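J.: Using the sequences provided together with the hints, build the complete structure.
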Amino acid sequence: MQNPWIYVGLFLLIGIIIPIIPIAFSALIAPKKPNPIKQSTYECGIETVGVSQVQLKAQYYIFALVFLIFDVETVFLFPWAVSLNALPFFAVAEGVLFILILMAGLVFAWRKGMLEWV
Amino acid sequence: MNFLSDPIKVISTWLTSLLTGWGLSAGLTSVLLSLVGIVLMITAVMVLDIMLVWVERKVVARFQGRLGPNRVGPYGLFQPFPDIIKLIIKEDITPDGADKLVYNMAPIISLGSVIFLWAVVPIAARIYGADLNVALLYMVAAGSLGTLSIIMAGWASNNKYALLGAFRQVAAMISFEIPMVVALLIPTILTGSLSLQVITDKQSGGNWFFLLSPLGALLFLVSAIAELGRSPFDLNEGESEIVSGYHIEYTGMKFGLFYAGELLHAFTFGGFLSILFFGGWHGPAASTYPLLGVFYFVVKAMIGYWVIMWIKYTVPRIRIDHMLMFNWKFLTPLAFALLIVTAVTNSLLKGSSFYMPGMFLSNFLLGWITIEIMRFSSRKQRLAVKAPEPAVQH
Numbered sequence: 002m003q004n005p006w007i008y009v010g011l012f013l014l015i016g017i018i019i020p021i022i023p024i025a026f027s028a029l030i031a032p033k034k035p036n037p038i039k040q041s042t043y044e045c046g047i048e049t050v051g052v053s054q055v056q057l058k059a060q061y062y063i064f065a066l067v068f069l070i071f072d073v074e075t076v077f078l079f080p081w082a083v084s085l086n087a088l089p090f091f092a093v094a095e096g097v098l099f100i101l102i103l104m105a106g107l108v109f110a111w112r113k114g115m116l117e118w119v
Numbered sequence: 179m180n181f182l183s184d185p186i187k188v189i190s191t192w193l194t195s196l197l198t199g200w201g202l203s204a205g206l207t208s209v210l211l212s213l214v215g216i217v218l219m220i221t222a223v224m225v226l227d228i229m230l231v232w233v234e235r236k237v238v239a240r241f242q243g244r245l246g247p248n249r250v251g252p253y254g255l256f257q258p259f260p261d262i263i264k265l266i267i268k269e270d271i272t273p274d275g276a277d278k279l280v281y282n283m284a285p286i287i288s289l290g291s292v293i294f295l296w297a298v299v300p301i302a303a304r305i306y307g308a309d310l311n312v313a314l315l316y317m318v319a320a321g322s323l324g325t326l327s328i329i330m331a332g333w334a335s336n337n338k339y340a341l342l343g344a345f346r347q348v349a350a351m352i353s354f355e356i357p358m359v360v361a362l363l364i365p366t367i368l369t370g371s372l373s374l375q376v377i378t379d380k381q382s383g384g385n386w387f388f389l390l391s392p393l394g395a396l397l398f399l400v401s402a403i404a405e406l407g408r409s410p411f412d413l414n415e416g417e418s419e420i421v422s423g424y425h426i427e428y429t430g431m432k433f434g435l436f437y438a439g440e441l442l443h444a445f446t447f448g449g450f451l452s453i454l455f456f457g458g459w460h461g462p463a464a465s466t467y468p469l470l471g472v473f474y475f476v477v478k479a480m481i482g483y484w485v486i487m488w489i490k491y492t493v494p495r496i497r498i499d500h501m502l503m504f505n506w507k508f509l510t511p512l513a514f515a516l517l518i519v520t521a522v523t524n525s526l527l528k529g530s531s532f533y534m535p536g537m538f539l540s541n542f543l544l545g546w547i548t549i550e551i552m553r554f555s556s557r558k559q560r561l562a563v564k565a566p567e568p569a570v571q572h
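Quick mapping for you: the protein sequence lines, in order, are chains A and B. My numbering puts the first residue of the first sequence at 2, with every later residue one more than the last. My numbering puts the first residue of the second sequence at 179, with every later residue one more than the last.
Among the hints, erroneous ones may be present.
Capping the alpha-carbon separation at 20 Å, the derived lysine to any residue pairs in SDA-like fashion look like this [said to hold, decoys possible]:
| hint | chain 1 | residue 1 | chain 2 | residue 2 |
| --- | --- | --- | --- | --- |
| 1 | B | K264 | A | L29 |
| 2 | B | K528 | A | L29 |
| 3 | B | K264 | A | I21 |
| 4 | B | K278 | B | F433 |
| 5 | B | K507 | A | Q60 |
Which stretches of chain A does chain B cover? Using the computed rule of at least three CB atoms under 8 Å from a CB of chain B, they are [claimed, not checked]:
| hint | segment |
| --- | --- |
| 6 | 4 to 13 |
| 7 | 73 to 84 |
| 8 | 97 to 108 |
Keep in mind the hints are simulated off the structure, nothing from the lab. None of the values given here were measured: they were computed from a predicted structure. Idealized CB from N, CA, C, for every residue including glycine.
T.: If you want it as structure tokens, here you go:
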């Protein structure tokens, strides 16, 4: 058969176009009567104070760092998992060692208190 | 080769001969055929999505002791259509100070990211979109786009509740993606391939991976629920505290797309659960009659979807620190322990007659040890907390 990536590329293209259709159709026939009250931000009836794109809590950043480490490591694990059946036991043990080093990182972060939501 | 045994091949052969008969080149013909297939597939998925609205409403009604939609058509089956008409003719309000481009792109990406997933789903024997050899990675990548849409919606809405919901979703997503990816490694180890076709074919004849790795299936289910942002992990919506979070400012069809995307996402993950651990479309006579395979796949996906709904409507929402603790201190270590156990058991017992019971037993033992450790640590925590002082009576 043909290259499956051509199919996936076309799929992505149409997959983006299909959700646009109802929005465009709705924009054609829906009423448009904007007014300042209607367009104000809904925050349970209280008027908005300041800008809303505020800075985020630093805790998210730390979790993002831990995530980044683990996500990159799991990408390394995929080739190992695919070829696992063809590998000798020694290579499997090496992979296990790799995971254990990874877990040591998690234990380190845990002991350092990075995993606490404060 | 007849229509019942290979419908796609019959139709594509007929269309190819028709189009090349008109003088089109072979390359263009195959692209055109792909386009027809894609549009058919997406249309089928969208029709399914529309019916999921009815399923969701009916099931939540049953869980809450109500009747649910029962007026429009038999059992309220046509209820989604008036819903859609209502959503389309609603006014579309863009709040002041919203980032227009990002605000309008978010719902499109939300639904689009779920539709993307269906490019690699094996629906039945010889009925599938693309047979990618990295389908699992593609699935993780496309699934993460949904989270991107959530943070786009939250950031662009110029609303503090929406922003909070988006932050929470990102925290949940970046945490629960680790156990999910590790749970995806389990079928990869068992098959030695990332292709969803190969993973399904390895499970033919009732040889489900659920029997080899029940813990893996459980891990995938839990982390998928968190990834979906469904209760008990629906902190991104949290109706009672941040009034439905990231899509608070969306009205009309844009809200409808978020809603449709959420339902379809849940159903798709039910489908992935069935593909990865419950044999996908495999069932009696499914490989000779693909249409029967479609039926089996949809039934299995529906059961997965129903389990996700069951959890959603039974378990109350948990706090964000509990959620992250649950992930980093429980799910992630368990997932990696399971990965080690599966890899070692797999390479030790490969080819022996003790393979299947051995895999099951190793999973069972790991689960048991985990429960014992949890029991031990929770008892330690209980003892560490002082008993409350009895109220002094005067």
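J.: Hint by hint, say whether it matches the structure.
T.: Okay, the hints, checked on the actual structure:
At most 20 Å may separate the alpha-carbon atoms for a hinted pair to count; B:K264 and A:L29 meet this at roughly 14 Å. Restraint check: the Cα-Cα separation between B:K528 and A:L29 comes to about 62 Å, which exceeds 20 Å; the hinted pair is violated. With a C-alpha separation of about 17 Å, the suggested pair B:K264 and A:I21 falls inside the 20 Å cut-off, and the hint holds. At roughly 15 Å between alpha-carbon atoms, B:K278 and B:F433 fall within 20 Å of each other, so this suggested pair holds.
Under the criterion of a C-alpha separation no larger than 20 Å, the hint pairing B:K507 with A:Q60 is consistent with the structure, at around 16 Å. Coverage of the segment 4 to 13 of chain A by chain B holds [criterion: at least 3 residues with CB-CB distance below 8 Å; count 8]. Beta-carbon proximity to chain B at under 8 Å applies to 6 residues in the segment 73 to 84 of chain A; the threshold of 3 is reached and the given coverage holds. Requiring three or more residues with a Cβ within less than 8 Å of a Cβ of chain B, the coverage given for the segment 97 to 108 of chain A holds, as 6 such residues are present.
The structure fails hint 2 only (numbered hints given earlier).
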